[in-house]
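Number of protein chains: 6
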Amino acid sequence: MIRIMGKISTGIRGLDEMLGGGLIPGRTYLVKGGPGAGKTTFAIQFLMEGVKKGENVLYVTLEEPLVTLVEDMRKLGFDLNHPKFNGIDATPVTEKTHLFAGAFYEEFGESFERLTTAIREKVEVEKYQRVAIDPLTMLKLTVKNELEYRKTFIGFLKALSKLGATVVITSDLRTSDIEEYLTSGVIELRTIEAGGKILRGIMVKKFRGSPFDEQIRPYRITDNGIEVYHTESLFVE
Amino acid sequence: MIRIMGKISTGIRGLDEMLGGGLIPGRTYLVKGGPGAGKTTFAIQFLMEGVKKGENVLYVTLEEPLVTLVEDMRKLGFDLNHPKFNGIDATPVTEKTHLFAGAFYEEFGESFERLTTAIREKVEVEKYQRVAIDPLTMLKLTVKNELEYRKTFIGFLKALSKLGATVVITSDLRTSDIEEYLTSGVIELRTIEAGGKILRGIMVKKFRGSPFDEQIRPYRITDNGIEVYHTESLFVE
Amino acid sequence: MIRIMGKISTGIRGLDEMLGGGLIPGRTYLVKGGPGAGKTTFAIQFLMEGVKKGENVLYVTLEEPLVTLVEDMRKLGFDLNHPKFNGIDATPVTEKTHLFAGAFYEEFGESFERLTTAIREKVEVEKYQRVAIDPLTMLKLTVKNELEYRKTFIGFLKALSKLGATVVITSDLRTSDIEEYLTSGVIELRTIEAGGKILRGIMVKKFRGSPFDEQIRPYRITDNGIEVYHTESLFVE
Amino acid sequence: MIRIMGKISTGIRGLDEMLGGGLIPGRTYLVKGGPGAGKTTFAIQFLMEGVKKGENVLYVTLEEPLVTLVEDMRKLGFDLNHPKFNGIDATPVTEKTHLFAGAFYEEFGESFERLTTAIREKVEVEKYQRVAIDPLTMLKLTVKNELEYRKTFIGFLKALSKLGATVVITSDLRTSDIEEYLTSGVIELRTIEAGGKILRGIMVKKFRGSPFDEQIRPYRITDNGIEVYHTESLFVE
Amino acid sequence: MIRIMGKISTGIRGLDEMLGGGLIPGRTYLVKGGPGAGKTTFAIQFLMEGVKKGENVLYVTLEEPLVTLVEDMRKLGFDLNHPKFNGIDATPVTEKTHLFAGAFYEEFGESFERLTTAIREKVEVEKYQRVAIDPLTMLKLTVKNELEYRKTFIGFLKALSKLGATVVITSDLRTSDIEEYLTSGVIELRTIEAGGKILRGIMVKKFRGSPFDEQIRPYRITDNGIEVYHTESLFVE
Amino acid sequence: MIRIMGKISTGIRGLDEMLGGGLIPGRTYLVKGGPGAGKTTFAIQFLMEGVKKGENVLYVTLEEPLVTLVEDMRKLGFDLNHPKFNGIDATPVTEKTHLFAGAFYEEFGESFERLTTAIREKVEVEKYQRVAIDPLTMLKLTVKNELEYRKTFIGFLKALSKLGATVVITSDLRTSDIEEYLTSGVIELRTIEAGGKILRGIMVKKFRGSPFDEQIRPYRITDNGIEVYHTESLFVE
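Chains as they are written, first to last, in our numbering: chain A, 634 to 870; chain B, 634 to 870; chain C, 634 to 870; chain D, 634 to 870; chain E, 634 to 870; chain F, 634 to 870.
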């Protein structure tokens, strides 16, 4: 496959090859997967790859508390306490001491717009090369009206598009709506049960502006994060 | 298969053969496919085929910003900065500087009628031989009422039918409603997963006024756009 | 199979044999099939068979504009510009110059009753041996209330039943409601995908007052219209 | 299988054997089947068996007009113009000249209760050994409220239960509700598609107060009505 | 399997072995099965086993009239006219001459609470060792509000729990809600169609406080009631 | 697999190995399974493991009355009458004499918030190392509004997160919502029917902060509680 120049690495071994070199900078990508598929690890690897290159990165966590995440990622060799790594803890469960402290979580259900506004404000002040929002699912679960969600999401993407940052949004597998249409690419992390065995496969479903490997490839979550075996097939019959 | 005279080429190698020569001019066709199936590439190839023949063409983009599209299509060898190629950027995310600037996107959800009116006005002033609307899905996702959507869509088709242009509308696979009934033909781009491998197949589901190849044929998105292998079968068992 | 006397030909080679001679005159039949299955061709062949015998026939088109239909059917050797062939163009898209011109299409959504009334009035004045309504689907798609649809449809059938005409109503495959119960017979046109190949099969699901061939038989849309291979099986294993 | 004394014949060859002799008199049975499965033929055979034995029988038709039915059944050798055969034409489509003439059909949708009342009144005046209501489906399709339907149906069964007549109610396959619970037995007429071939099978799903053949048996609609092959299996592998 | 002491027999041969000796006294069990699966026979066998041992038992019938039931069960050798066998006829169809006569059935839909109150009152006055409610389905079908049903059902179970009786509640297979959670055990009667043959299998899905046979075992409804073949497998391949 | 230090044992043989040593203390885990899968046994084993080590534990029962549970667990060798074992009986059916006596169950449907508040109050006063809530399903079944449920559940988790206790929440298999996202791990107990045989398998779906065995492993409910065979495969082909 021809490697298109100007792409940036995902930080995930093997996946860059599937993408013909990496992601196109300045665009927004969707990473889909069920619970335990490795979405958070994906997001962190993507950001830490930027940190390694001296980029300023932003991580918005909506599911796992930032404190827990720092602890979990240390085991995979990722030190999130890096000056270039910026985190926003937008999880509903933990007690906030900074940005989202106070009244916010008493009205979590009505706060999608508020949250996206807060992120946009932060993003407009500082300059980031990479942004990850992990996962979008939580926001959707707390919004009553599908149409309202779409409108707010569109406004959110619009704000992100002005930043020039490459953005990775993670989401649950079941989400199959406006997110897939409005992002420049969709990567799926799948868990397949076959004969009592669990197989993990990664697949590029959509990648605007570039050819890509259309096959499902096996991947593993190792002690060094996600590894994609881009020259192998998922099933060997 | 007998080639019916007076048809026009789709610009897609192999597909014209499936259609017994091409599309019937002056009618509206539906191209269906999931994310990453190549709907946008299809629409662009269809329009650029007209440009090559000196036709005036119109592209209405609802998903991918026009700026990004111009950049992506250059890699496939299509130069959209051609005087005969006219684009309307109706994507919800990008900042507009021309036609749809201003209040519009603040009320995207209620704006289907407004958008269709705008397109009709543009189309009535200038004369186009080919029109592509890519994709219809975005409009549907932002409309609350199914019945209201149908009424507006009918009015939209009615306006298009007076133009004399050949129209290609792209849409998501899941759409299975009034669009399939009111268009003169339906072409499906499919992605089939078999044993961990991804196969791509194209199929003419409906083609009024002409016989057509009823089989599913393999296709690929190559460096020159979509290519259909109309003499091959999708499965070789 | 014993041929029951007094039946009339469908005009479709092979299908009459499946029906033990043809349709029972004066009754209403439902022809079901997806987009591209050949419902319109079926309806036209049924009517032109009557024209050949000197009968007065009526075609009500709800999907394809009458002008386009005349053009398309000429290629199959059917000349709709015959004095015995009467058409009502009730499509929502085309500009009407006669019967349904004017205010009607601005309120298409609420117009099922209005349309059926118009057809009934026409039918009560003139005398037809054969009537085709193609397809019913469009009417259903523009009606808000299922129950209201049923009531209007019942009133419509009631009016038709007084005419003495043999009526063919076409409909989408997904329709599985009051139409199947209140008509004297149901014929299905199916498209089956098997191993990347497309097979077309025709099946008589219900035929009151007569025995019939209960098997699915292959059919093709040829240059002379639909042909049914009533002595063959759909699958050869 | 032991034949329980005091049962009455269904009039259908082979089915009596499946039921260990026939139906238990004075109870209500449900016969389910899709369009074209033979529900009407079943109901008529059941009633004509009574007529042959000198019983007074009542047929309530809700789908096929009585006039058409008389004509259709003559071909199967059943003469419905017998003094012991009483019919109520409750079809929505035909013009009534007797019982249900007039205002009734203008309000068909709200008339379930009215219809059941009319049937009950007729039934209470005259004495019937066998009653068939064919099919219940039509009533359900015209009722807005599921709960209301259940209440009216319960009142209807209650009235029937006082008559001492054996009652057969036919219904669509999809009905899977209160009718199956409140009747003494359920017989299903099935159409199975296997490899492009159509197989017909009959099955006793429930038969209170008697053992029964639990297997699916093949049946055919012959020139003499339904015939059940109670010693054969549906599939021969 | 170790037999836990203090259990009571279900009265069904083979099932006691599956349950490691029988049911735990004083608890409530759910028996699920479709129409014709033998739920009523199960309930009666369970009660008559108590009668044989000199226990006072109560049967609440909601589907089959008590009169018919007495007649049907006599054929299986069960004499329900035993002084220890108490019945409440709560069927909606039959004319009541005792407990539930009068206004009740005119408002069947709103009467769940009324019925449960009546049963509770009866149960609180007299002392029963075994109680069967057959089937619960009827109650659910006549209740509008799922949440209201749950509340009333909880209150009902609460009253039953004070009695000290062992209770069997029968229910339709589709019921998969609060009943499965709040009862001490769930037994399923299944009908499996395989290759045109009908197989009957019984399965203990849940049995609190005891180990149990987790396999599906074949059963038959014989002239002596239900028999379970607890040492056999349902499928022999 | 590398054992991560500082984990705590689940008390279930074989499962600790699947989890690379056990659960991470101070986090909340979800155990999913259908009726009879062993969720309660899992919760009790988890708590009794703590009791063995001198920890203070809390069990909140929402389905099985505490009295019955004590009796059932004694048979598995677990003595719940231990001073370190604290129970809250929040079942809707039993008569309360302590905490939740009185008005509560008259309004069970509206009491999720009340219940969670009561648990939180208890938990805040006393100090527990392990908490089990068994099962969450009951709470969900009695809540009208999905969104309201999510908000209350988030508040509940937030309170639990401040305790420092390791929490196990059990839930029905069908639950596939916010619980899976907001907990640190998901363990599924599955019942698979294959050829009339029942197989039990356990699977770690998600386990934040640690690698884990991704395969489904067989388990059994023995006389000593749940046992996991972590070196075996569920299917042997």
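Calculated directly from the structure, the hints in this document are not laboratory data.
Note that the structure is predicted; figures quoted are calculated from it, not measured.
A couple of the hints might just be wrong.
It does not matter which identical chain is used: a pair holds within one copy or between any two.
[As the list claims (entries may be wrong)] 25 angstroms max Cα-Cα, derived DSS-like pairs, lysine-lysine:
(1) LYS795 x LYS708
(2) LYS685 x LYS640
(3) LYS708 x LYS838
(4) LYS708 x LYS839
(5) LYS708 x LYS640
(6) LYS773 x LYS791
(7) LYS839 x LYS755
(8) LYS773 x LYS839
(9) LYS838 x LYS773
(10) LYS685 x LYS830
Exercise. Quick one: LYS773 to LYS791, C-alpha cut-off 25 angstroms, is that within a copy, between copies, both, or neither?
Worked result: both (18 angstroms within a copy, 19 angstroms between copies)
Exercise. Using 25 angstroms as the alpha-carbon threshold, which applies to LYS773 and LYS839: within, between, both, or neither?
Worked result: both (22 angstroms within a copy, 21 angstroms between copies)
Exercise. Should LYS708 paired with LYS838 be assigned to within, between, both, or neither, using CA atoms and 25 angstroms as the limit?
Worked result: This pair counts as between: shortest inter-copy Cα distance 19 angstroms, intra-copy 31 angstroms.
Exercise. Checking LYS708 and LYS640: alpha-carbon separation at most 25 angstroms within a copy, between copies, both or neither?
Worked result: between (29 angstroms within a copy, 14 angstroms between copies)
Problem set entry | Intra/inter-copy verdict for LYS838 and LYS773 if alpha-carbon distance must be at most 25 angstroms | both (22 angstroms within a copy, 22 angstroms between copies)
Exercise. Which holds for LYS685 with LYS640 at a C-alpha limit of 25 angstroms: within a copy, between copies, both or neither?
Worked result: Within. Shortest intra-copy distance 16 angstroms satisfies the 25 angstroms Cα cut-off; inter-copy 31 angstroms does not.
Exercise. With identical chains treated as interchangeable, where does the CA-CA distance between LYS839 and LYS755 reach 25 angstroms or less: within a copy, between copies, both, or neither?
Worked result: neither (30 angstroms within a copy, 31 angstroms between copies)
For this session: If the cutoff is 25 angstroms on CA atoms, where do LYS708 and LYS839 land: within, between, both or neither? Let me know, please.
Result: Result: close only across copies, 16 angstroms inter versus 32 angstroms intra.
For this session: Check LYS795 against LYS708 for me: Cα-Cα at most 25 angstroms, and say if that holds within a copy, between copies, both or neither.
Result: So LYS795 and LYS708 pass the 25 angstroms test across copies only (23 angstroms; inside, 35 angstroms).
For this session: Please work out whether the CA atoms of LYS685 and LYS830 approach to 25 angstroms or closer within one copy, between two copies, in both situations, or in neither?
Result: neither (36 angstroms within a copy, 35 angstroms between copies)
In this structure, the earlier hints numbered 7 and 10 are contradicted, and the remaining ones agree with it.
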